Amino acid sequence: MISKALLAASTKPMILSFLREGESYGYEIIQSIRKISGGSIEWSDAMLYPVLHRMERDGLIASEWKMSREGRPRKYYSITAKGRTDLEADMKQWMKVHSALVQLWKTAKASD
Amino acid sequence: MFDLEKAIKKWKKDLDKSRILEDGDIVELESHLRDGISHRMERGLEAERAFMEASKELGWERDLDDEFFKSHFDRPKGRPPWRSPRFMPALLWNYSKVTLRKIKRQKGYSLINIAGLAVGMACYILMFLWVQDELGFDGFHKNKNTIFRVISETQTAERTITNARSPVPLGPALKDNFPEVVKFARYQGFDGWPVRANDKFFINDNLGTADPEFFNMFTFPFLRGDPENALSERYSIVVTERMARKYYGENDPMGKVISIGQDDFTITGVLQDIPENSHLQFDCIFPVENMETYWEMSFKDWRRNNFYNYLQIQPGTDVKELAKKIGAVVEENLPRSQTEFFLQPLKDIHLRSDFEWDLDNYKQGHMSYIYIFLLTALGILIIACINFMNLATARSATWAKEVGMRKVSGARRPDIIKQFLGESLTMSVVALAFALVLVQVLIPSVNRIAEKELSLNIFSNGGLVLGLLGIVLFTGLAAGSYPALFLSSFRPAAVLRSVFGLRMDSGRLRRVLVVFQFTLTITTIICTLFIYRQMRYIKNKDLGFNKDFIVLVDDFHSDYDVLRTGMMQIPGVVSVSASIPPDRRPWGDPGFSWEGKSPDNRVLLYALGVDPDYLKTFGIKMAQGRFFSREVASDATDAVVINQTAARTMGLENPIGKRLKHRQREGTIIGIVEDFHQSSLHNTIEPMVLFSRSESPNICVRISPKDVPATLAALKETYEKHVTWYPFKYRFLDESLDANYKAEQRIETIFKFATLTIIFVAVLGLFGLASFTAEQRTKEIGIRKVLGASVTGIVVRFSKQFAGWVLLANVLAWPGAYIAARFWLRHFAYRIDIGPAVFLLSALLAVVIALGTVGFQAVRAAKADPVESLRYE
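Those protein sequences? They're chains A and B, same order as listed.
Here the first sequence stands for residues 40 to 151, where the numbers follow the working numbering.
Here the second sequence stands for residues 161 to 1033, where the numbers follow the working numbering.
No lab work stands behind these hints: they were computed from the structure.
Wrong hints could be hidden among the right ones.
[To be verified] Reference listing, derived: stretches of chain B covered by chain A, where coverage requires no fewer than 3 residues with Cβ under 8 Å from a Cβ of chain A:
1. 189-197
2. 449-461
3. 621-633
[As the list claims (entries may be wrong)] Cβ-to-Cβ under 7 Å is the rule here; a few derived chain A residues that face chain B:
4. Asp84
5. Arg111
6. Lys114
Since we're looking at a predicted model, the values are computed, not measured.
Backbone N, C-alpha and C define an ideal beta-carbon position, used for all residues, glycine too.
Model the full assembly from the supplied sequences, consistent with the hints where possible.
Shown next, in the form of structure tokens:
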């Protein structure tokens, strides 16, 4: 399992990254992230929507009501231009952290 | 059938209540829920199950609320402003202020509640101390878990005889043969022997005799001397501090000489006084080997069961196996004894000994009494708690506005519940304070009745502190939970709109609780009545002899004939007899034989030594034949008399003239006496054989009822003229008989008090309830009077419902009381019938008590002037 703090920090870039591939809705987002992470990232349903709404208010994503195939209203979210720039910045930061950690672990392994 | 759409609709309705979810949010969440459901159903789940899982995953309304709220504002704790915090110190002050104000404003109501709770708690605390003391018996011995007592169970023709004593040579034999027996000690206690030391002379010391290992097994702390070898010399003796002080004052008793009978013993140790909670009670202990000469017996004789055998065994020994081995050892030395053996743990001796023959110089406890007392104390407490509940809910109209205001100001249901529980806990703490005072006042009388040394020592008694904490929590929560739940359910809009719009629907539960209260009360009343009647029955039962005005004088080897002649000259003396008085059980013995005894007859006969004056002195009647006579020379050595039961059980058509033999003695049966009760009414009349004997430890003197003190003084003078070495010691036969029922008398006293307490608390509650009902119905009564109702009519109308409850309670109480009464009465071989009279009497009593309480209020309400009560209408 992923710790709560890490989960909270990674939620935003993860949603943005997912939406970069195309628009999607809440249920699909949760299911896909679960699948991609092999079940190790479990978002609670109740927490996702407030996050989505917040990101929308911040202008990172936009939403649009559409009719689903079953004829139900469904809210689709898509990434905005601001969202993309934000994600770029996020990606750089995450990669820096990532490479630093990888370096550290490599040397750690060598000295073992 | 599960309807998915309906379930979703209901789910949505819950979300509608939320204060933060917007319509769009709800639609989005619904869509999510539906996705979740259909996804699950595709995997093959039932609709209902799918709904349950999906909605659970989404979280409850409250969680959703909080999460959505967080996304709107940057609140680190995530608590929306409409949600009250877990703890508000400001309110705590408010709560206590309101509680105190309530107690002050409603004095009568608070008094009833606190008084009831305090009395209930006081009973509980006393019971707690008592039970703690009983359960702690013999707990001070370091080896308490490895010490056992050997119990024997002998099968006879009619029944099983249990004996806490076992064969004399058993202890040493076990120690020699079985490595698991580490130590043994034989013990026996007796009194009434003359003890002299330091020019002082008493006969009331409790003498104990034991094997040398006694003080290495049991933990009786020594003040002086060495427990290891205190009893290793034959003429050594260990005394308690009390006995040492009695004979030697403040002087050092070590090495001094005490004479018991003809022998001189040297003091080798001084013990701390024996604690009250020890089943072994003695003033001194000397080595057991002296008994061989005192009792003129052989310690090799397996037929003698003179001592209690205590064994200390290896930890982890299989006790059942060892008991079987004991049986085998006894069988080897005493074939065909028909006896089985058990090992009784030391800790069980006080409460779980129900043997025919056991130590009699200490008060035996009974597990069943512990249960009975615990139940009674709990019953009183529950009744007090019910009072609290009933009055609180009945008065809820008074508090409804408060609840309404609190809710309007933002209190939620849990807050109100917490507040009322806090109130009832405060009440119970206040009640506890009163209860402790009450216990402190009552404890001396309780100790006198129960013959205990209980004390209320909060600082050194950890168990008691836990018990008190438990009682406060139990009372506070039990009494407060229902009112709290009930009051907190009020809807502020309804409550605040008007008082008349209120529907106080707690009446049914209140009825149930009152009926339950009275059921408990009536059960106790019935039990008390049965105990009382049985005790009266015992007092008045014709025992087959005349128990009044008989003085029993202790006697040791005096020249009886001279003494008798002297006593007979006293004007107030009617007759004198040296016989075993009918206040104790003689020993049963299967070793009798008689002409025509069938070989498989194994009945026990009970031998009794009497003299020719016995019949006249005790007023026992002959059924057939004649009694011993001084005129017939052969009577003294060659005659026996039997009782009617013996004649029956021996199976003889015409017993008179038949020969009867017992060990070395034999004689012709010359007569049959009518049955009389030789031992207490706990036992059936046993088949008895009376031998002529002219010596007895007791001289029984029948005196005339006139001027008893003068007769006693004359008896003392005559006695002291003839006997110089043993002081004049006497008791009355009827008092000695009473002592057989001491345990039951104690129960009777305790139950009388318990009943009074229960009635008091129940009446208190009923009084409060009735006064409240009367108050509530003032207007109704006023209107009835205006329309022409009479005072009687109103009182009857008002009391009818209460009478109905009490009658119902009676019916409910009867089965339980019947079972309890039967359980208690079965201890007596002779007992009263459980007839309907007691049940009806208690019903009458309960109705009278209830109607007396209610009627008082009813009359007051009915007499009120309707002008007053209807003025504002």
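| Three or more residues of the stretch 449-461 of chain B near chain A by CB distance under 8 Å? | violated (count 0)
Quiz item: Against chain B, with CB atoms and a cut of 7 Å, does the hint on A:Asp84 hold up?
Solution: 4 Å, holds
| request: Closer than 7 Å between Cβ atoms is the bar; does A:Lys114 clear it against chain B? Give me holds or violated. | output: 5 Å, holds
Take the stretch 189-197 of chain B, compare each residue's beta carbon with every beta carbon of chain A, and decide whether three or more fall closer than 8 Å.
holds (count 6)
(Q) Three residues or more, CB to CB closer than 8 Å: is that satisfied between the stretch 621-633 of chain B and chain A? (A) violated (count 0)
Q) Is the hint on A:Arg111 kept, meaning its closest Cβ partner in chain B is under 7 Å away? A) The hint holds - A:Arg111 has a Cβ within 7 Å of chain B, the shortest such distance being about 6 Å.
Comparing the model with each earlier hint shows violations of hints 2, 3; every other hint is respected.
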